[in-house]
Structure formats: structure tokens, C-alpha cells
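Protein chains in written order, with this note's numbering: chain Z, 132 to 264; chain F, 132 to 264.
No wet-lab data here; the hints were simulated from the structure. Some hints here could point you the wrong way.
It does not matter which identical chain is meant; a pair holds if it fits inside one copy or across any two.
Claimed, not checked - Subject to a maximum C-alpha distance of 30 Å in a straight line, what follows is the list of computed DSSO-like cross-link-like pairs (lysine-lysine):
no., residue 1, residue 2
1, LYS198, LYS237
2, LYS251, LYS135
3, LYS202, LYS237
4, LYS202, LYS134
5, LYS237, LYS251
Number of protein chains: 2
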Amino acid sequence: MIKKVDHIAVLVPDLEEARRFWVDALGLELERVESVPEEAVDIAFLPVGDSEIELLQPTDLESGVAKYLAKKGAGMHHLCFEVDDIEATLARLRAANVPLITETAKVGSSGKKYAFVHPKGTGGVLVELYELV
Amino acid sequence: MIKKVDHIAVLVPDLEEARRFWVDALGLELERVESVPEEAVDIAFLPVGDSEIELLQPTDLESGVAKYLAKKGAGMHHLCFEVDDIEATLARLRAANVPLITETAKVGSSGKKYAFVHPKGTGGVLVELYELV
């Protein structure tokens, strides 16, 4: 079961500059900024309702996310849903021949399980699935 | 105050095809499909948590949204927040020199007030604001 939109990730070249719109002007709360070296990004977490906006600033020019930013420009990067059972969701997607970037769910530093669905299979949206453990 | 993510709009060339991923494979519920001739789209509403995914299929090849689809391809199109006071939010954005597409909130057919913020001012994201009335 898909429980909710966990977050919408927005790729930005500079967190300080992005903060001027999302926090100072729009009025979202900046909960924290976290460095995630294994994904080569610094992330600003802006909770809103029962979801979050995550602002992602690439920290390594050679990373995939930095190249995506250079090629496509700033904007929405991926959409993450919280699911109750990520393995069951991945199995259902595989059965429907939806291409996955992450064939088996990874376990993040905080213990959460996550996986990415290829935009080719969703109609152009990079979709992340996330299971709290 | 920003209350929540109201919806994420995903631009698709064909609702039936998009439904195969979002509903049949991923498992979101299809609540309804609505024709919105004044915006030249058919919209499928897929509620999830306290937000919605809205799939937008252009119905007029000459419309801005059809041209956007032809130019940029399918994918996330805009991000809509529910706010408690849209006029106050627009005033705050104007005071911060954020460019607006909709200078004064419009009133939709269902009575809701809405406005769009220009992606130039948000760092690349087309942001919609929405006030229930």
C-alpha cells in the first residue's frame, strides 16, 4: 500500500540561494540540513503537512545528480512515496514489467529501505519508494 | 501559512497509458477524471495520504501545456501548496520580489482561489498556491 507522498526532491545549485525562496519568501520551515556524502548531496529538509520538500545541492561535480543539474537545470528531481512494504511494491512493479533502477531495496544510513523506479516506466517521473523500518 | 502539499501535477500524453503505471502497477486509487476545458486538460485525480497526484493530459495541441509537453516531455509539471490565505502569501512573495504568473488570485470553477508563481523566482519549479474557500 502507498501511504503518502514522503517528499518531493528539488535539485538546486545552491542551498543558500534556494532558501531565500522556499523559506524566507514562501514561509516553509527549515528543519535541518544534512550532508549525505554517499549520494553526493547536501539536503535541506522542509516539512509541510505530512510531507517534506527536500532541496538537494550536489557536492561533487562528477556525480550523476550534478550532471543531471548541469544538463536539465534546477527543478523537481524525484517524487518519493512512503509504502508499507517495499518488497511487495517492487514485486508488483516487476510483475507489471516496470523497469527499476534499484532491483532490491537498499538500506539507508538511518535504517530506512528505499528503491528507485526508472522514469521510463512511470512516464517521465523518477519515483522513489521508501519504507520506514 | 503553508498548510500542505495539495498536489503534484504530472504531465502525460495519454491518461489511459499513464494509468497503467500509477494505478494498475503502483496501486494508487483513481478517484475521478475531470475535463477542465478552460485549462485545456483532462485531469485524473489520484489521492494519496493528504495530497494528490494529478495526471494532466492536454486536450488542445495549441495550448501552453501541450506545447510544454511537446518541448520538455512527460514528467512533473507543477507543485501545488494549500495555503490558508492566498492574498497574504502573494503579498509576501511580491515583497520578496518573487515574480508571479498570476498577480491576483483567480477563482476556479469550484470556488477555490489559485495562483501560479513563476519558476524564475523559485529556482526552476512551477509552484501553484491554492486556498480552499
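Cross-check of the supplied hints:
no.	hint	in the structure
1	LYS198 / LYS237	within (23 Å within a copy, 38 Å between copies)
2	LYS251 / LYS135	both (22 Å within a copy, 29 Å between copies)
3	LYS202 / LYS237	within (27 Å within a copy, 34 Å between copies)
4	LYS202 / LYS134	neither (33 Å within a copy, 33 Å between copies)
5	LYS237 / LYS251	within (21 Å within a copy, 35 Å between copies)
Consistency with the previously given hints fails for number 4 only.
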